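One-letter residues, chain by chain:
Number of protein chains: 2
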Amino acid sequence: MLEQALQAARDQREQSQADLFELIRIPSVSALSEHDADCRRAAEWIAGRLTRAGMEVKLVDVPGEGSRHPVIAAEWTGAGPQAPTLAIYGHYDVQPPDPLEEWLSPPFEPSVRDGFVYARGSDDNKGQIACGIRAAELALAHGGPPVNLRFLIEGEEEVGGPSLPEFVKREAARLHTDYLLIADGQFTAPGLPNLLTGLRGLLYTEVEATGAAADLHSGIYGGVAPNPLNTLAHVISALKDRDGRITVPGFYDAVRKPEERELADWQRLPVTEDDQMQAMGVPALEGEAEFSPLERRWARPTLDVHGILGGFQGQGQKTVIPARAKAKISMRLVPDQDPDAIFDAFAEYVDSLSTPGVRVTARRLSSGRAVRTGTDHPGVEAAARAFESAYGGRPVLVREGGSIPVTVDFQEALRPHLLVTGFGLPGDALHSPNEKYSLDQYFRGIEMVLHLMENLRDAPRA
Amino acid sequence: MLEQALQAARDQREQSQADLFELIRIPSVSALSEHDADCRRAAEWIAGRLTRAGMEVKLVDVPGEGSRHPVIAAEWTGAGPQAPTLAIYGHYDVQPPDPLEEWLSPPFEPSVRDGFVYARGSDDNKGQIACGIRAAELALAHGGPPVNLRFLIEGEEEVGGPSLPEFVKREAARLHTDYLLIADGQFTAPGLPNLLTGLRGLLYTEVEATGAAADLHSGIYGGVAPNPLNTLAHVISALKDRDGRITVPGFYDAVRKPEERELADWQRLPVTEDDQMQAMGVPALEGEAEFSPLERRWARPTLDVHGILGGFQGQGQKTVIPARAKAKISMRLVPDQDPDAIFDAFAEYVDSLSTPGVRVTARRLSSGRAVRTGTDHPGVEAAARAFESAYGGRPVLVREGGSIPVTVDFQEALRPHLLVTGFGLPGDALHSPNEKYSLDQYFRGIEMVLHLMENLRDAPRA
Numbered sequence: 000m001l002e003q004a005l006q007a008a009r010d011q012r013e014q015s016q017a018d019l020f021e022l023i024r025i026p027s028v029s030a031l032s033e034h035d036a037d038c039r040r041a042a043e044w045i046a047g048r049l050t051r052a053g054m055e056v057k058l059v060d061v062p063g064e065g066s067r068h069p070v071i072a073a074e075w076t077g078a079g080p081q082a083p084t085l086a087i088y089g090h091y092d093v094q095p096p097d098p099l100e101e102w103l104s105p106p107f108e109p110s111v112r113d114g115f116v117y118a119r120g121s122d123d124n125k126g127q128i129a130c131g132i133r134a135a136e137l138a139l140a141h142g143g144p145p146v147n148l149r150f151l152i153e154g155e156e157e158v159g160g161p162s163l164p165e166f167v168k169r170e171a172a173r174l175h176t177d178y179l180l181i182a183d184g185q186f187t188a189p190g191l192p193n194l195l196t197g198l199r200g201l202l203y204t205e206v207e208a209t210g211a212a213a214d215l216h217s218g219i220y221g222g223v224a225p226n227p228l229n230t231l232a233h234v235i236s237a238l239k240d241r242d243g244r245i246t247v248p249g250f251y252d253a254v255r256k257p258e259e260r261e262l263a264d265w266q267r268l269p270v271t272e273d274d275q276m277q278a279m280g281v282p283a284l285e286g287e288a289e290f291s292p293l294e295r296r297w298a299r300p301t302l303d304v305h306g307i308l309g310g311f312q313g314q315g316q317k318t319v320i321p322a323r324a325k326a327k328i329s330m331r332l333v334p335d336q337d338p339d340a341i342f343d344a345f346a347e348y349v350d351s352l353s354t355p356g357v358r359v360t361a362r363r364l365s366s367g368r369a370v371r372t373g374t375d376h377p378g379v380e381a382a383a384r385a386f387e388s389a390y391g392g393r394p395v396l397v398r399e400g401g402s403i404p405v406t407v408d409f410q411e412a413l414r415p416h417l418l419v420t421g422f423g424l425p426g427d428a429l430h431s432p433n434e435k436y437s438l439d440q441y442f443r444g445i446e447m448v449l450h451l452m453e454n455l456r457d458a459p460r461a
Numbered sequence: 000m001l002e003q004a005l006q007a008a009r010d011q012r013e014q015s016q017a018d019l020f021e022l023i024r025i026p027s028v029s030a031l032s033e034h035d036a037d038c039r040r041a042a043e044w045i046a047g048r049l050t051r052a053g054m055e056v057k058l059v060d061v062p063g064e065g066s067r068h069p070v071i072a073a074e075w076t077g078a079g080p081q082a083p084t085l086a087i088y089g090h091y092d093v094q095p096p097d098p099l100e101e102w103l104s105p106p107f108e109p110s111v112r113d114g115f116v117y118a119r120g121s122d123d124n125k126g127q128i129a130c131g132i133r134a135a136e137l138a139l140a141h142g143g144p145p146v147n148l149r150f151l152i153e154g155e156e157e158v159g160g161p162s163l164p165e166f167v168k169r170e171a172a173r174l175h176t177d178y179l180l181i182a183d184g185q186f187t188a189p190g191l192p193n194l195l196t197g198l199r200g201l202l203y204t205e206v207e208a209t210g211a212a213a214d215l216h217s218g219i220y221g222g223v224a225p226n227p228l229n230t231l232a233h234v235i236s237a238l239k240d241r242d243g244r245i246t247v248p249g250f251y252d253a254v255r256k257p258e259e260r261e262l263a264d265w266q267r268l269p270v271t272e273d274d275q276m277q278a279m280g281v282p283a284l285e286g287e288a289e290f291s292p293l294e295r296r297w298a299r300p301t302l303d304v305h306g307i308l309g310g311f312q313g314q315g316q317k318t319v320i321p322a323r324a325k326a327k328i329s330m331r332l333v334p335d336q337d338p339d340a341i342f343d344a345f346a347e348y349v350d351s352l353s354t355p356g357v358r359v360t361a362r363r364l365s366s367g368r369a370v371r372t373g374t375d376h377p378g379v380e381a382a383a384r385a386f387e388s389a390y391g392g393r394p395v396l397v398r399e400g401g402s403i404p405v406t407v408d409f410q411e412a413l414r415p416h417l418l419v420t421g422f423g424l425p426g427d428a429l430h431s432p433n434e435k436y437s438l439d440q441y442f443r444g445i446e447m448v449l450h451l452m453e454n455l456r457d458a459p460r461a
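Here the protein sequences line up with chains E and H, keeping their order. Quick note on numbering: the first sequence equals residues 0 to 461 in numbering that gives the first Met the number 0. Quick note on numbering: the second sequence equals residues 0 to 461 in numbering that gives the first Met the number 0.
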């Protein structure tokens, strides 16, 4: 099917563009309840397209607290039971468009300027999910792909909603997937696609220090009153040294070194230390000097305080010694750190750092382990060649310092080979006014997915 | 005059009580503008009494921003230019009475139960200033006291208003005072009066740590992003060690040891370490173990964090690395620490504690030096004997851990010998519902002031 489908993709670019614009015009803002009907309309639009393309489609309102927008689950098993299954993830919901006055053209009316379509959701994620939808349509219209297809598309990505995680957990047995394409990112630079080989996990804690039974006046009791804020400072300063090395016992024991192939790719990336300092607006970088800045951001664990609550938070002066104070402290975790083991070590260590008269306790607010997609499963080479065919360049292997919760949900429920990448470009202004998406990237993205289907033809099952 | 005035004081207790109740019934709440007229009424009531007693009285609306309630300045120079002058300080304003529902009797309707009068302001400070007013009336009615008299009474004590400080600074040359009685406190225990020999000063600072140009996401930049909150923890933990010893270079150099006479008195006080732990509700006291808890509270300097601003202060989780963060840090100072020198040492030290990529600066919000009233000026013995005559017990020498700003204002402007004490009892519930004041303490307080006038007859000028 490949050559015919590719030819059709090239011949029907106007149609591809018109389709994307139709989807963009539906203002499916998941955060705002007045757009609930629009979210459903976007879901129905996608479900209709996939149905007409020949897939078996379900629009699922997942029961449970917090679920608001339907999941689209589509399936085509025409490649037969021996063929591998490629699933494609995406989300049809978008960020709110505020501030409206900063848009140069209306956020839900696609406007093409200099080869980019400007609109909310044009990149994130409608323009990328449309690559998958169009590729499926074209493949199915031209003999069908050599792999089975599945779509798992949600409408709560921008609000962290529970529907899709709940759905894949519940239906895992019926959602067998060998390869999962998550295209919700950007190229590293124009002409330089990437594949994500890992994402850091997150352990988020709250450390509470409790001193006196009530707030005290520092004039009356200063000198004998335990001060939980001072104690928290002692605790926090003992967690990470001044050079950025974390001092929780055993913290680094399970950290896995990145593969040579990854490190080599990172060295080649067009991102200098100066670039990173400029991007942050800092005079110096923090952290472990023996690791490159990219390695520190992608493959080294961190510990950061996000806020300290308690006492006096206003303008001016107040001489309170608070009865209690809390610090929000999170750790970014890397393969193969175990969140449970890290939390236990953290909590025990924190407990040992209290000062006279103060009780210190750590509580886990959430945790998720790091994701390793692997650099050597057969999908990597299939995707690399697909990128090369469609864009003329092979992807670099990169990582993400943050977590993409859905990758964890998929990995835990379905254990597929993950292909985490993206068709956007740096500067697409996701979540900001004048979000944009390159039409050339879009058209090539459709071809990339077609090539990927073809390249996975004889790929082993996961 | 003494014997006659004392006799009159005893004979006219009903009159003294009626006078106090009249003053209490005026709801002179300085914090609430709807009571502005009441504050003026209270001032006029006192001014009228002192005028009728034979003093020259001015009701002064001090010009300047924030001034709201008049100062009463009264003078009687009948003892002649060679005689010392005793000034009496007090304030006619009171705290708001909320929460009203917790009062067992109306807050501005004096109610006598078990020898106590219950009302807002009964102790703080109307019942104590009334001792001075009644004593002046009785002394002037019976031949006049052997010392010249002055009253300096304000209506902004409970709101930290500027009128009185401004007035004494401006009129210093015309307000010569040898001895100044400030009765706005409580006995150490029933039967155990006290004299304050020192008050700690206060240096209040804000330490700001600045990292990136904007808030950063810890997933993306964690590992290389300077985190001002972590840096502040390093700074704060380096200012005071885990045992409560302040580590700012030179911080203790100028600290003056309390006098033997003071230390001996503190040892005799009926206040155990357990009492103090119970009062605060803590399992252990913080601080320098080689000093007694009272010495730590009264004669040792402190360093406390009152609040840390910046980053995420809400419920739940957010993974921000804030661009900047601030800590409110104050130091209680003791004789003879110089606030300027301490701030300079603090700021220089703080600056040296920054971490890579973070700029740390300290700013002084306010400062005031500690007050030493002295243990050996002639007023101390005069007051001690006056207490003994009126109450049957000599006062202990104590200190106050907090500052009473007016003492600094008086000391800087007038340089008098200070007699800082009080006629209330522990448990009088100042600032709380059901504030009360012992009528016996009141009647004896009038006699104490009469004795004090007599005892100062031949006291040297300040």
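Keep in mind the hints are simulated off the structure, nothing from the lab. Remember, predicted model here, so these are calculated numbers, not experimental data. Misleading hints may appear alongside valid ones.
Any copy, or any two copies together, can satisfy a pair, since identical chains are not distinguished.
[Stated by the list, open to error] The list that follows gives simulated cross-link-like pairs (lysine-lysine, DSSO-like), each with its CA atoms no further than 30 Å apart:
(1) K168 - K317
(2) K168 - K57
(3) K325 - K168
(4) K256 - K317
(5) K325 - K57
(6) K325 - K256
(7) K57 - K317
(8) K57 - K256
Evaluation of the provided hints:
| no. | hint | verdict |
| --- | --- | --- |
| 1 | K168 - K317 | between (51 Å within a copy, 26 Å between copies) |
| 2 | K168 - K57 | within (16 Å within a copy, 83 Å between copies) |
| 3 | K325 - K168 | neither (34 Å within a copy, 44 Å between copies) |
| 4 | K256 - K317 | between (49 Å within a copy, 28 Å between copies) |
| 5 | K325 - K57 | neither (46 Å within a copy, 53 Å between copies) |
| 6 | K325 - K256 | neither (34 Å within a copy, 37 Å between copies) |
| 7 | K57 - K317 | neither (60 Å within a copy, 34 Å between copies) |
| 8 | K57 - K256 | neither (42 Å within a copy, 82 Å between copies) |
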